[in-house]
Amino acid sequence: MDFLNAIVAFANFVFVPGLAYGAQLAIGALGVTLIYGILRFSNFAHGDTMAFGTAITILFTTAFIGMGITLGPLPTALLALPFGIGATILLLLGTDWAVYKFYREQKASPVILVIVSMGVMFVMNGVVRFIIGVRDIRFADGERFIITARNFKEMTGLNEGLAIKTTQAITVVVALIAMALLFWFLNKTRTGKSMRAFSDNEDLALLSGINPDWVVKVTWMIVAALATTAGVLYGLDKSFKAFTYFQLLLPIFAAAIVGGLGNPLGAIAGGFVIAFSEVTITYAWKKVLVYLMPEPLEPDGLVQLLSTDYKFAVSFAILIIVLLFKPTGLFKGQSV
Amino acid sequence: MSTTLRDTALFGLVAVLLIGTGIIQGWNSALLILNMGLISAIMALGVNLQWGFAGLFNIGVMGFVALGGLAAVLVSTDPVPEAWAVGGLRIIMGLILGAATVVAAVFAQKRLEGRTKTIVTLAILVGGFFLFRAVIDPAKAAVEAVNPASTGNLGGLNLPILLSWPVGGLLAAGAAWIIGKTALGLRSDYLAIATLGIAEIIIAVLKNEDWLARGVKNVIGLDRPVPYEIDLQKDPGFVERAASLGLDPVTASTLYTKLGYAILFTIVLVILLWLAQKALQSPWGRMMRAIRDNEMAAEAMGKDVTARHLQIFILGSAIIGIAGAMMTTLDGQLTPGTYQPLRFTFLVWVMVIVGGSGNNFGAVLGGMLIWWLWVQVEPLGLGLMNILSSGLEDGSALKDWMIQSAAHMRLLTMGLVLLLVLRFSPRGLIPER
Numbered sequence: 001m002d003f004l005n006a007i008v009a010f011a012n013f014v015f016v017p018g019l020a021y022g023a024q025l026a027i028g029a030l031g032v033t034l035i036y037g038i039l040r041f042s043n044f045a046h047g048d049t050m051a052f053g054t055a056i057t058i059l060f061t062t063a064f065i066g067m068g069i070t071l072g073p074l075p076t077a078l079l080a081l082p083f084g085i086g087a088t089i090l091l092l093l094g095t096d097w098a099v100y101k102f103y104r105e106q107k108a109s110p111v112i113l114v115i116v117s118m119g120v121m122f123v124m125n126g127v128v129r130f131i132i133g134v135r136d137i138r139f140a141d142g143e144r145f146i147i148t149a150r151n152f153k154e155m156t157g158l159n160e161g162l163a164i165k166t167t168q169a170i171t172v173v174v175a176l177i178a179m180a181l182l183f184w185f186l187n188k189t190r191t192g193k194s195m196r197a198f199s200d201n202e203d204l205a206l207l208s209g210i211n212p213d214w215v216v217k218v219t220w221m222i223v224a225a226l227a228t229t230a231g232v233l234y235g236l237d238k239s240f241k242a243f244t245y246f247q248l249l250l251p252i253f254a255a256a257i258v259g260g261l262g263n264p265l266g267a268i269a270g271g272f273v274i275a276f277s278e279v280t281i282t283y284a285w286k287k288v289l290v291y292l293m294p295e296p297l298e299p300d301g302l303v304q305l306l307s308t309d310y311k312f313a314v315s316f317a318i319l320i321i322v323l324l325f326k327p328t329g330l331f332k333g334q335s336v
Numbered sequence: 001m002s003t004t005l006r007d008t009a010l011f012g013l014v015a016v017l018l019i020g021t022g023i024i025q026g027w028n029s030a031l032l033i034l035n036m037g038l039i040s041a042i043m044a045l046g047v048n049l050q051w052g053f054a055g056l057f058n059i060g061v062m063g064f065v066a067l068g069g070l071a072a073v074l075v076s077t078d079p080v081p082e083a084w085a086v087g088g089l090r091i092i093m094g095l096i097l098g099a100a101t102v103v104a105a106v107f108a109q110k111r112l113e114g115r116t117k118t119i120v121t122l123a124i125l126v127g128g129f130f131l132f133r134a135v136i137d138p139a140k141a142a143v144e145a146v147n148p149a150s151t152g153n154l155g156g157l158n159l160p161i162l163l164s165w166p167v168g169g170l171l172a173a174g175a176a177w178i179i180g181k182t183a184l185g186l187r188s189d190y191l192a193i194a195t196l197g198i199a200e201i202i203i204a205v206l207k208n209e210d211w212l213a214r215g216v217k218n219v220i221g222l223d224r225p226v227p228y229e230i231d232l233q234k235d236p237g238f239v240e241r242a243a244s245l246g247l248d249p250v251t252a253s254t255l256y257t258k259l260g261y262a263i264l265f266t267i268v269l270v271i272l273l274w275l276a277q278k279a280l281q282s283p284w285g286r287m288m289r290a291i292r293d294n295e296m297a298a299e300a301m302g303k304d305v306t307a308r309h310l311q312i313f314i315l316g317s318a319i320i321g322i323a324g325a326m327m328t329t330l331d332g333q334l335t336p337g338t339y340q341p342l343r344f345t346f347l348v349w350v351m352v353i354v355g356g357s358g359n360n361f362g363a364v365l366g367g368m369l370i371w372w373l374w375v376q377v378e379p380l381g382l383g384l385m386n387i388l389s390s391g392l393e394d395g396s397a398l399k400d401w402m403i404q405s406a407a408h409m410r411l412l413t414m415g416l417v418l419l420l421v422l423r424f425s426p427r428g429l430i431p432e433r
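Respectively, the protein sequence lines represent chains A and B.
Heads up: the first sequence begins at 1 in the working numbering, then just goes up one per residue.
Heads up: the second sequence begins at 1 in the working numbering, then just goes up one per residue.
Hint data in this document are derived by calculation from the structure and do not stem from the laboratory.
All residues carry an ideal CB built from backbone N, CA and C; glycine is no exception.
Where hints are given, some of them may not hold.
[As the list claims (entries may be wrong)] Think about it this way: if two alpha-carbon atoms lie no more than 30 Å apart in a straight line, the pair counts; the simulated DSSO-like pairs of lysine-lysine are: (1) B:K140 / A:K286; (2) A:K101 / A:K287; (3) A:K326 / B:K110; (4) A:K193 / A:K332; (5) A:K332 / B:K110; (6) A:K332 / B:K117; (7) A:K326 / B:K217; (8) A:K326 / B:K181; (9) B:K110 / A:K287; (10) B:K117 / B:K181; (11) B:K217 / A:K241; (12) B:K207 / A:K238; (13) B:K207 / A:K286; (14) A:K326 / B:K140; (15) B:K110 / B:K217.
[What the hints assert, rightly or not] Restraint ranges, calculated between C-beta atoms of paired labels, are given here: (16) A:S307 / B:W401: 38 to 44 Å; (17) A:N159 / B:W401: 50 to 56 Å; (18) B:R115 / A:E295: 35 to 41 Å; (19) B:V102 / A:L90: 45 to 51 Å.
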């Protein structure tokens, strides 16, 4: 019994939240990694792209709820998500046309593009604030839980409850769908294959007649879809605040780099590595250990390795360790 | 137009903007902008050293600014003897233990081979971490329990706050040494992410380690290097002199203290600018730029690229730390919650790029000009929105929204300025020569 309780406590406080957060980071990191693989720069505006997509989705969600359209037990935001993606696609294609294209044609060095993306980041941040303000917004409606802690306890008779939020389940499901679609697209379709070819060897791809403009456009569209999805999932799970999205940049980059920049599989793995390490290191393990240890050995303190405010430190430490010992990331990424 | 004339004209423009602000919005605001502008110019000088001279992409400026601020607290506040009695030495012990752990781990990395290396390093790090926590945790709790409403930290050294400016530089330099040792071998975007992360961690430490500088409870009422307004107003001599200039004592005293700060900051800026110019024109500066333009060739000429990078990274960060200490001195308080990367890291980058990376005068110009714009965009935006929405009736939702959003004009404008400069004048207003 004690052992089961320990497992349930672990699942409730570490595994389920870690899984959901990992899926959100993974989708975010996929966007960063695709831009890096194909456009060859680290896009600092990615967090704000996520915020923009989420802001538009929130506007549509509010409008739908106002019109009485909801998804029943599921959050209405899922219905609004395609509109958010559409708006973000327009925004990113517009940005590419107005800003990035010039530098691409000039063949500017990646670091210049990074600085340019800092400018884009400022502008997008301002735009998001214009659209929706700086408040903390919760936009999840519908059923809050699939299983509440109390129901679980009644069902199983255990001391510990396992609560699974609807948003957590949706995050994992949507993330799986998004990843499946992306890999199908990259591996099976003609455009996807030309994207991979372009990422592997630009000159060779150009020689074999791949249209670079089209590849770039498709990349931005996919990135818009991924960024908006990641942003909406994160916002549903926690809440939307423009500034938090900007701060997500660090774990997302850490995930992409840990997995190997430019490698989509790596981005997913990196997302989960970062998420689970953040959660495990900042979780107070007392609750689990109480069940596992014999009474005299039970811990007095919280057995929390680091306070939750240091979660950045965790992603950062993993990042540094990976960079020092395996500079191309866990999965072989590009190293320019 | 000759280049000197053009540069002078640009600095003249800044002067005109400041004087204009003084005439329209009052000399008090003009001096406020000038003071922060001078500090911004110093920060820009530091970033320019790293980016303009050496091509190092440091976006952890905020962290070094905050370390400077920490120095101001640690140097100038009074020590708290009770806190020292209950746990001060133990905290110091813990910190030494932590440092020793890291040193031992690095040593093990260097000396051992193969699997033993990994196991021993891990063992040292994990064991050291728990030992560190075991030593420092009770001491932290004890110190933070001492009169938490007004102190709850170890306090400082009770030295003049001016001393904290160089100390802030030293603190930042120390942090830069650690970061540089680990991250400088990495590619430019990795260094960027690493510095971004370090800055967030420094802020997290400042926010959470209450024993150090009271965390989010803030430290207020720091000492000042200039007299207090209230003392000046009580001084009959000062009131008399103010009256002879046709000023009332209250205005005169605020202007007097702000001018005092402005003079102090200008002295620091001039010294640092002179040093940076000397460095740029020396063989050392030429070597730095050679390394920046072609690392491979410089290495082939026998230059130790990593060592030179580390050197300039530390120097630049130290300058940023000095500016951070000056800023906290000007504010009279340390509020870790207000350090935001957009304001303290990316804005400084806008200053450097707009001013002209690789040119010290450019960085100074960028610092002053962009700071002025940053402050003035809000009133200007509000005015613009008022004009644009004047056709709408009062209380309409659209009008309210337009007026509210004027507050968000800042970031948008900064982004646009950066993008426009990068596109049409990528070398900045005063380009490198």
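Taking the hints in turn, this is what the structure says about them:
1. B:K140 / A:K286: holds (21 Å)
2. A:K101 / A:K287: This hinted pair is violated, its Cα atoms lying about 54 Å apart.
3. A:K326 / B:K110: Holds, at about 17 Å.
4. A:K193 / A:K332: Holds, at about 19 Å.
5. A:K332 / B:K110: Roughly 26 Å separates the two Cα atoms, so the pair holds.
6. A:K332 / B:K117: With a Cα-Cα distance of about 24 Å, the restraint between K332 of chain A and K117 of chain B holds, given a limit of 30 Å.
7. A:K326 / B:K217: violated (41 Å)
8. A:K326 / B:K181: Answer holds: K326 of chain A to K181 of chain B is near 17 Å, not above 30 Å.
9. B:K110 / A:K287: Since the Cα atoms of K110 of chain B and K287 of chain A sit roughly 39 Å apart, the hinted pair is violated (cutoff 30 Å).
10. B:K117 / B:K181: OK: K117 of chain B and K181 of chain B at ~20 Å, within 30 Å.
11. B:K217 / A:K241: holds (24 Å)
12. B:K207 / A:K238: Between K207 of chain B and K238 of chain A the Cα gap is close to 22 Å, so the pair holds against 30 Å.
13. B:K207 / A:K286: holds (25 Å)
14. A:K326 / B:K140: Not satisfied, since the Cα-Cα distance of roughly 36 Å exceeds 30 Å.
15. B:K110 / B:K217: Answer violated: K110 of chain B to K217 of chain B is near 42 Å, above 30 Å.
16. A:S307 / B:W401: 38 to 44 Å: holds (39 Å)
17. A:N159 / B:W401: 50 to 56 Å: holds (51 Å)
18. B:R115 / A:E295: 35 to 41 Å: holds (38 Å)
19. B:V102 / A:L90: 45 to 51 Å: holds (49 Å)
Of the numbered hints given earlier, the model fails hints 2, 7, 9, 14, 15; all others are met.
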